[in-house]
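Novice: Listed in order, the protein sequences are those of chains A and B. By the count of UniProt numbering, the first sequence reaches residue 360 at its end, each step adding exactly one. By the count of UniProt numbering, the second sequence reaches residue 423 at its end, each step adding exactly one.
A few of these clues could be false.
[Claimed, not checked] No farther apart than 25 Å at their CA atoms in a straight line, the calculated lysine to aspartate or glutamate pairs in the DMTMM-like style are these:
| no. | chain 1 | residue 1 | chain 2 | residue 2 |
| --- | --- | --- | --- | --- |
| 1 | B | Lys157 | A | Asp335 |
| 2 | A | Lys212 | B | Glu387 |
| 3 | B | Lys403 | A | Glu165 |
| 4 | B | Lys242 | A | Glu165 |
| 5 | B | Lys157 | A | Glu60 |
| 6 | B | Lys150 | A | Asp335 |
| 7 | B | Lys403 | B | Glu387 |
| 8 | A | Lys336 | B | Glu158 |
| 9 | B | Lys242 | A | Glu53 |
| 10 | A | Lys359 | B | Glu151 |
| 11 | B | Lys167 | A | Glu53 |
If you're looking for bench data, these hints aren't it; they were derived computationally from the structure.
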Amino acid sequence: MSATAGPERPQVVSHVQQALSYTVFDCRWVPRSARLLCLGSAARGTGLIQLYELHGARLELLREIEKPKPIKCGTFGATSLQQRYLATGDFDGNLNIWNLEAPEIPVYSVKGHKEIINSIDGVGGLGIGEGAPEIVTGSRDGTVKVWDPRQNDTPVANMEPVQGESKRDCWTVAFGNAYNQEERVVCAGYDNGDIKLFDLKTMSLRWETNIKNGVCSVEFDRKDINMNKLVATSLEGKFHVFDMRTQHPTKGFASVSEKAQKSTIWQVRHLPQNRDIFMTSGGSGSLHLWKYEYPAHRSKKDSEGSEMGVAGSVSLLQNVTLSTQPISSLDWSPDKKGLCVCGAFDQTVRVLIVTKLNKM
Amino acid sequence: MPVWLREHSWRQTLTAVYLSLPLRGARATPANIFCSEQYLKVSIPPFLFEAILYAPIDDANSTAKIGNGNIFFTLYKKEPAMWDSLTLANAGKEKLQYLRENAVLKAQEKAKEEKEAKKITKQACKKYALEATMKLEEAERKRIEDLKEKERQKVAKELEFWKNQQKDADKYKSIQQKGELHQEIEPLKERKNEKMNKTRIPNEGTSKIRLKSTKGHGSCSIFSQNLKEEQLPAPRAAATIKVNFTPRVFPTALRESRVAEEEEWLHKQAEARRRINSDLSELEDLKEEEKNPDWLKDKGNKMFVMGNYLGAVNAYNLAVRLNDKLPLLYLNRAACHLKLRNLHKAIEDSSKALELLTPPVPDNENARVKAHVRRGTAFCQLELYTEGLQDYEAALKIDPKNKNIEKDAEKVRHFMEETMQSS
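Chain A extracted, bound-state conformation:
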């Protein structure tokens, strides 16, 4: 399936391309604005946060903030719309929350992990969902910790390996199922292919599975609803879509998997305005836009009478190759449908517009 100019397919239009002088690891839209943040690591081993604003056909650099340690990931998920504080995880295991107006001293800081924080996610902020604002971090030291910005130094939940067990790197974390004040779920993906679902209300492991290849990225289609779908991407070009509405006591959740390309799928991001459309970014510098179709019946009874989920199908809407290096980070703008930013390892950040999503 190649990129065609057929009248009905969504097109991915490259709007702006900006070359950077450092390696960018994560890029995020600042909510309720046309500004975006790039987080990364400069050649001299320090961390950089750059704030850009979209002006016509170019990006204008508004601020540049340098920090002692390279920054791996960041999120706005746990702050309110007025404050818009950025939570970042760096190469040293520190979790910091910054006020971008006064970035010299972090609003909250803790050395959460012994090794690099690979992934971070926030929930409870931005006017989405209910409940306390919380941040979850997953690190190479094998632990997943949930933090509340109102509580210093200790995490409110800690998922760590059993004593004596050899640890596996946690590569990705995601919040989900936060539809009321009590319910919340954290999904973590590890480098040996484990996916674990932790329920924070009962503080227990709710489900786990193994997809054989290391899990690069997991995301729920929406954080603030009863958990509906989970997409997990892995090495060797495969991704799995799990239907999370029906959990079978032994078989777990139903899933459909798709092999998109030969290289690693680095990120998956759902379109904030339509939860059945998501984009995956690949190690060969390509982006694929997918649509999930639900099956006729989402659950069925198995031979013993217990409910079992039925997975639907995934179809490719569009694909485009933007770079020769992996596209490691991707973010949709929550305010403008189809606007997204992606950062690649060729030290460029690109702003893209995906058209015709209204028709999907």
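Guided by the hints, dock chain B onto chain A, whose structure is given.
Specialist: Chain B alone, transformed into the frame defined by chain A:
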């Protein structure tokens, strides 16, 4: 001998000659007619008609109509003049010959020329066709590019529009916030004054009520935000969840494992376990469990621990007779022999164990280290220090962190130096 057709009839005008030739029942096709400027021939074997024309004609435009057992020629004269007769009379045989050959040659040349002309036109046509298709494709491509460009521009415009909307919304919001802030401060000042005026009576209840009633404004006021914060649940009670990772036979992720080697090792193990030396005659008087090499190995281990080295050796011997592919049996028997100071046998058994412990994978690391150490010790006790040192170093390579092996290796090196010095 051809049959000459002579009953032809002809008439002429100033510019043309009309010749009619009856065919006497023969069928004519265009191939049978040969015509050049001054020579006309119709040859339908066995019939033949030949005419050397009085004057040259324009053979390109002249026509021949075949039908009704008759060929009707319309020959256009090159020069309009009346001919005395159709054919040239007095034509001598030689002249005839000459004219014939000439005619044939001319015809051939004409054919060649025509061919060339045709080729040229064909090439020109092809070129033209190619250019036409190229133009079409170019047009198509341009159309697609234009579509894309239009999309891009439309999208860029929408983006600008949205951005401006955002800016306006922000400005509006900030103005609104300032306005409301102002509004909120006024009643607060009033309330403060009221509180100060009122005395003991606990008014917190009433003042709180009044605070709530002013909350009906927009959501951007500070006070409503404060209240919302109070509605947030308290931070979760800290807890830890312990996790286990998926066990694998080999503790490496799929991409790290050396699958081929590990598969081989597993396969070998499985094979070894399945084999049983079928030497039944001697084994008839053994009990069921004594025929199980694993059980015998356990028995041997227990006896070793208790110090009954001979008994252990016996148990291992029997186990080996049943199944000679289990490396652990040889390994343990080597340990027993060491204790019994049967050094050569110890060396033999360790070597056999090492042989069976290929291919080298992380799973059989421990076993290999032990085998090397035992063989090393045996060598040293036989005063074959160089071989002993070799084995210790091999063991160290597999397990660099083991302090005991290091110490022993050091000791052996010392011994070697001393013996070399003394000798």
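Novice: All the hints need checking, so say for each whether the structure fits it.
Specialist: Now the hints, each set against the structure:
| no. | hint | verdict |
| --- | --- | --- |
| 1 | B:Lys157 with A:Asp335 | 16 Å, holds |
| 2 | A:Lys212 with B:Glu387 | 45 Å, violated |
| 3 | B:Lys403 with A:Glu165 | 24 Å, holds |
| 4 | B:Lys242 with A:Glu165 | 10 Å, holds |
| 5 | B:Lys157 with A:Glu60 | 18 Å, holds |
| 6 | B:Lys150 with A:Asp335 | 23 Å, holds |
| 7 | B:Lys403 with B:Glu387 | 20 Å, holds |
| 8 | A:Lys336 with B:Glu158 | 10 Å, holds |
| 9 | B:Lys242 with A:Glu53 | 44 Å, violated |
| 10 | A:Lys359 with B:Glu151 | 15 Å, holds |
| 11 | B:Lys167 with A:Glu53 | 12 Å, holds |
Hint compliance for this structure: hints 2, 9 are not met, and every other hint is.
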